[in-house]
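Construct the entire structure; sequences and hints are all you get.
In order, the protein sequence lines correspond to chains U and F. Number 133 in our numbering belongs to position 116 of the first sequence; there are no gaps in the numbering. Number 77 in our numbering belongs to position 11 of the second sequence; there are no gaps in the numbering.
The following label-pair restraints were derived from C-beta to C-beta distances:
no. : chain 1 : residue 1 : chain 2 : residue 2 : range
1   : U       : SER71     : F       : PRO80     : 48 to 58 Å
2   : F       : LYS145    : U       : VAL20     : 20 to 30 Å
3   : F       : GLN129    : U       : SER32     : 46 to 56 Å
4   : F       : GLY120    : U       : LYS72     : 36 to 46 Å
5   : U       : PRO127    : F       : LYS145    : 16 to 26 Å
6   : U       : ASP82     : F       : GLU69     : 19 to 29 Å
7   : F       : PRO176    : U       : SER90     : 43 to 53 Å
8   : F       : GLU71     : U       : LEU85     : 26 to 36 Å
9   : U       : LYS72     : F       : PRO80     : 45 to 55 Å
10  : U       : ASN68     : F       : ALA133    : 34 to 44 Å
11  : F       : ASN78     : U       : MET62     : 25 to 35 Å
12  : U       : GLN46     : F       : ASN159    : 14 to 24 Å
Derived lysine-lysine pairs resembling BS3-like cross-links, with alpha carbons at most 27 Å apart:
no. : chain 1 : residue 1 : chain 2 : residue 2
13  : U       : LYS58     : F       : LYS68
14  : F       : LYS163    : F       : LYS68
15  : U       : LYS58     : F       : LYS111
16  : F       : LYS108    : U       : LYS58
17  : F       : LYS163    : U       : LYS83
18  : F       : LYS108    : U       : LYS81
19  : U       : LYS37     : F       : LYS108
20  : F       : LYS163    : U       : LYS58
21  : F       : LYS163    : U       : LYS81
22  : U       : LYS58     : F       : LYS145
23  : F       : LYS108    : U       : LYS83
24  : U       : LYS81     : F       : LYS68
25  : F       : LYS163    : U       : LYS72
26  : U       : LYS37     : F       : LYS163
27  : U       : LYS31     : F       : LYS108
28  : F       : LYS111    : F       : LYS163
29  : F       : LYS111    : U       : LYS37
Just so you know, the hints here were simulated from the structure itself, not pulled from any lab data. Yeah, the Cβ is synthetic: ideal placement off N, Cα and C, and Gly gets one too.
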Amino acid sequence: GAVVSQHPSRVICKSGTSVKIECRSLDFQATTMFWYRQFPKQSLMLMATSNEGSKATYEQGVEKDKFLINHASLTLSTLTVTSAHPEDSSFYICSARTHGTGSYEQYFGPGTRLTVT
Amino acid sequence: RKEVEQDPGPFNVPEGATVAFNCTYSNSASQSFFWYRQDCRKEPKLLMSVYSSGNEDGRFTAQLNRASQYISLLIRDSKLSDSATYLCVVNPNSWGKLQFGAGTQVVVTP
Numbered sequence: 018g019a020v021v022s023q024h025p026s027r028v029i030c031k032s033g034t035s036v037k038i039e040c041r042s043l044d045f046q047a048t049t050m051f052w053y054r055q056f057p058k059q060s061l062m063l064m065a066t067s068n069e070g071s072k073a074t075y076e077q078g079v080e081k082d083k084f085l086i087n088h089a090s091l092t093l094s095t096l097t098v099t100s101a102h103p104e105d106s107s108f109y110i111c112s113a114r115t116h117g118t119g120s121y122e123q124y125f126g127p128g129t130r131l132t133v134t
Numbered sequence: 067r068k069e070v071e072q073d074p075g076p077f078n079v080p081e082g083a084t085v086a087f088n089c090t091y092s093n094s095a096s097q098s099f100f101w102y103r104q105d106c107r108k109e110p111k112l113l114m115s116v117y118s119s120g121n122e123d124g125r126f127t128a129q130l131n132r133a134s135q136y137i138s139l140l141i142r143d144s145k146l147s148d149s150a151t152y153l154c155v156v157n158p159n160s161w162g163k164l165q166f167g168a169g170t171q172v173v174v175t176p
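What follows is the structure, given as structure tokens:
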């Protein structure tokens, strides 16, 4: 299957700092990438949909100025958590959908565990 | 009502036994369905896609019942390595915004 990588896998930062998370599709081009957040014992919650070359579409309740998304190429999307606070501590996972019609399968990156102290 | 609902479990299954569980979805126009497996503190991994009336992959069988709006997953001859949380995932349209269930935990015991 398709491979998606994320970096870093784990990050600890102080409150008020910004953290950038990278999501890369390694062996395919991804016109669309998705960013999720998962709190312990809860399901994945979609934060935003990232389309290459255009602005991201954010889900209701997600602050676009706090969670900056850039999808500059067909293989890279970044999520920047600005002015992070302890309540932003979570497991952030990206996924990518392969290009082409009829392919609704999404492949997930290994996730980034963010801890804000 | 949640868009995708699952029994959280846990389903405690003796090794070698069969376990089955369902997932219901609210949008009758949903187009495609998936089962993902998620291990503790890891990302979800695609287990099976369920596009038509159902399909089988080794010990895993998924079925779709559009009339009653549910999909099921059956695991035969359970292995210890099958212990995980199984996520029911629904694609309600062609835009790719997946809807996730909260997951069903399966624990296979020796």
